[in-house]
Amino acid sequence: MVSYIVRRLVQAVPVLLGVTFVVFLLMYLTPGDPVEVFLGRGGAVTQEEIDRIRREFGLDRPFVEQYGRFLVALGRGDLGQSVVHRRPVGELILERVPATVELTLVAALIALLVGIPAGVAAAVRRYSLLDKGATLLSLLGVSMPGFWLGLVLINVFAVHLRVLPVAGRMAYGTGFEPQTGFYLLDALLQGNGAAALDVLRHLLLPAVAMSATMMAMTMRLTRSSLLETIGQDYVRTARAKGVPERTVVLRHALRNALLPVVTVIALNLGALLGGNMVVETVFGWPGLGRLVVEAVRTHDYPLVRGAVLVYAATYVVLNLLADLSYAFLNPRISHGKGVG
Amino acid sequence: MSGRAWRAFRRNRLALAGAALVVLLALGAVLAPGVAPHDPLRGRLPDRLRPPGTVTAGGRYLLGTDNLGRDILSRILHGGRVSIALGLLVVGVSIVVGVTLGLVSAYAGGWVDTVVQRSVDVLLAFPYLVLAIALMGLFGPGFMNLVVALAFKEWVMACRVVRSEVLALKTAAFVEASRAAGAGPARILLRHLLPNVIPAAVVVATLRVGWVILMEASLSFLGLGIQPPQPSWGVIIADGRDYLFRAPWISTFPGIAILLFVLGVNLLGEGLRDALDPRLTGVRVGE
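Sequence order for the protein chains is A and B.
One point on numbering: in this note's numbering, the residue at position 294 of the first sequence is 294, and numbering is uninterrupted.
Just so we're on the same page, this note's numbering is the position in the second sequence counted from 1, plus 340.
Heads up, some of the hints might be wrong.
[Stated by the list, open to error] Simulated crosslink set (SDA-like; lysine to any residue; CA at most 25 Å straight-line):
hint	chain 1	residue 1	chain 2	residue 2
1	B	Lys493	A	Leu320
2	B	Lys493	B	Leu429
3	B	Lys493	A	Val13
[Stated by the list, open to error] Partner residues aside, some chain B positions facing chain A, computed with beta carbon under 8 Å:
hint	residue
4	Val363
5	Leu364
6	Leu367
7	Leu371
8	Ala465
9	Val487
10	Val488
11	Arg581
To be clear, the hints were calculated from the coordinates, so they are not data collected in a lab.
None of the values given here were measured: they were computed from a predicted structure.
Just so it is clear, CB atoms sit at the ideal spot from N, CA and C, and this is done for glycine as well.
With the hints as extra help, turn the sequences into a complete structure.
Rendered as structure tokens:
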């Protein structure tokens, strides 16, 4: 087991290095002179000045040396300077992370809370109307763009029914002052029930829009995985012993059926995180996704580069955790040669 | 498709329904210049923001009009040409690249395999949309740029599936026999291995078209993909974003078109998978 963990960790290193190389290469090949972008267009800048700045940023050095400097800076946690905001990229990203993480976690929670019970119900009543309805809904769930669902939800719940807010993270005037950036947590820690409710109301629509695909996948997976375990010998034995059906399903079968579900969910947490940029844009959610979209629009390449790196690194780490947790939860899978 | 696979496919009612949806929407797109009731690019300003079903001096607007008085139905039909063509083109390019690299990588082994597989690992480390958005930021908007930005990672999906198929086939008796009879690598790859991975490639291609169309919609919605006034399904949704209060139909209908088409290809793809190659359950819609 320890050797498996070490092997997976070691495997992640070249992947991360490759990621930094691809990101660096793309920015290196970017059309347009980064110095011009930095100085702003149309200014009266002499050639000497451009050359001076180019030397200052090391842009006159060979490719390999520039990449080396980039890696060294990365090692120090330095992601460079935003051209538009004129502030360190790392700082800008860190400010936006809590909003995105909060939204992603709530979306994942909704997906699990709906997807797993729906999957169980569909499996237990296989081929019933309920099963067919749930399957159809899950097919629709993976086939629609999440941002479009967001627009439809805004239209129904914010425009017509007027029960939920259109955009943003909180209403003003509740006397609530967030401390950590995780608004829901802050409100609960401060014992401010009204603010917590307000934050939740703002979270609901974007989280549902984001969770649709994951919810659909969770439901389908729970269903097929549970159907598979229900056919196993130990489940039949439990039934033969006279264990009530409810206990058989929930205690014996579901426990084992949830294993692959958990792994796929963990794997998809990264995808959820990386796919939420459009939903954030629709709901004016001040998260990392919107920051990237704005950075691309304003040609703020250092910021785009930093954010893409952060996304990719998070993705790699989440996948690693998913693999490890799966190996940990399911000792039967082989960890390669020898005893794990 | 073999007779057995075809019979299995024909019995699958969901897959047939999916095929019907795909054919219907694709026909609408192909025939758009003939069947669209209005010009998709030029609207009648007096008819702006008309709700679905309105009839004016300018004609009937079955799905309503947008803020420039353009007919939504006509824009959706023409937008389908762009969205579906893009989906097919991206998947087509990716399948060719992915199948080639998958075949060569698995058959050659050694450093070739290592290089290809490490590239696959690195590309898999990027969230799909994040990479596509960053690439579109560099390339600038446009149809061909969009094809490159999406195919940049998309080929990985086919490559992985084909590679694992070839690894299993490489040591099969018929391949060994052919090699013993003196066949060179080119002949073995093209005559023996390629035909055997085609069913898998077809399944992957079908299941990926929907995903690529969803990505196009996202990028165009953000203004980084297809550029207005040219309609694509994502562009029309974006057109309606500022009119959610007054004219929700602008964004709603193109989304339904996407939903039906993607649902159609997914049902079709799953039907093909079950009929051709049931082992491919690992191929899914997503990143």
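Comparing the hints with the structure gives:
no. : hint                : in the structure
1   : B/Lys493 - A/Leu320 : 20 Å, holds
2   : B/Lys493 - B/Leu429 : 14 Å, holds
3   : B/Lys493 - A/Val13  : 20 Å, holds
4   : Val363              : 17 Å, violated
5   : Leu364              : 15 Å, violated
6   : Leu367              : 19 Å, violated
7   : Leu371              : 24 Å, violated
8   : Ala465              : 5 Å, holds
9   : Val487              : 17 Å, violated
10  : Val488              : 12 Å, violated
11  : Arg581              : 7 Å, holds
Of the numbered hints listed earlier, those contradicted by the structure are 4, 5, 6, 7, 9, 10.
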